[in-house]
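Note that my numbering gives residue 118 to position 11 of the sequence shown, counting from 1, and the numbers run on in steps of one.
No lab work stands behind these hints, which were simulated from the structure alone. Heads up, a few of these hints could be off.
Claimed, not checked - Cut-off 25 Å, straight-line C-alpha distance, at most; resulting in silico cross-link-like pairs (DSS-like, lysine-lysine): (1) Lys137 <-> Lys152; (2) Lys126 <-> Lys152; (3) Lys152 <-> Lys188; (4) Lys121 <-> Lys188; (5) Lys181 <-> Lys121; (6) Lys181 <-> Lys137; (7) Lys121 <-> Lys137.
Since the structure is predicted, the reported quantities are computational estimates derived from the model, not experimental observations.
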Amino acid sequence: MPDDCLFCRMASGKTPTSKLHEDDRVFVIKDIHPRAPTHVMIIPKEHIASARDLGPQHGELLAHMFATSTEVAKELGVADKGYRLTFNVGDEGGQTIYHLHLHLLGGRRLGPEG
């Protein structure tokens, strides 16, 4: 885990944060710059810089991230009406922290992106 990575420091407990969910592979926090009434991030504890660094060896982790997003969406009350899941990749894709994380947005009708 890189010491200069905010999400790695959160995962290890070096940087305190309020976690909505945590297990042995991921944790979930609220986005500090929400784009919707519900905006959380599902973050793996393993440091992977970006979605472009994913390979076949990450299949189980990705499945776990998506399963966690379903569970969290239910807990936050957005599962039935719908929500958006997204990865930002690279500077032009809006990635600001280079540690893989899956955004879950909901709580209102979401318009087209891009």
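Hint-by-hint comparison with the structure:
no., hint, result
1, Lys137 <-> Lys152, "holds (16 Å)"
2, Lys126 <-> Lys152, "holds (13 Å)"
3, Lys152 <-> Lys188, "violated (29 Å)"
4, Lys121 <-> Lys188, "violated (36 Å)"
5, Lys181 <-> Lys121, "violated (29 Å)"
6, Lys181 <-> Lys137, "holds (15 Å)"
7, Lys121 <-> Lys137, "holds (18 Å)"
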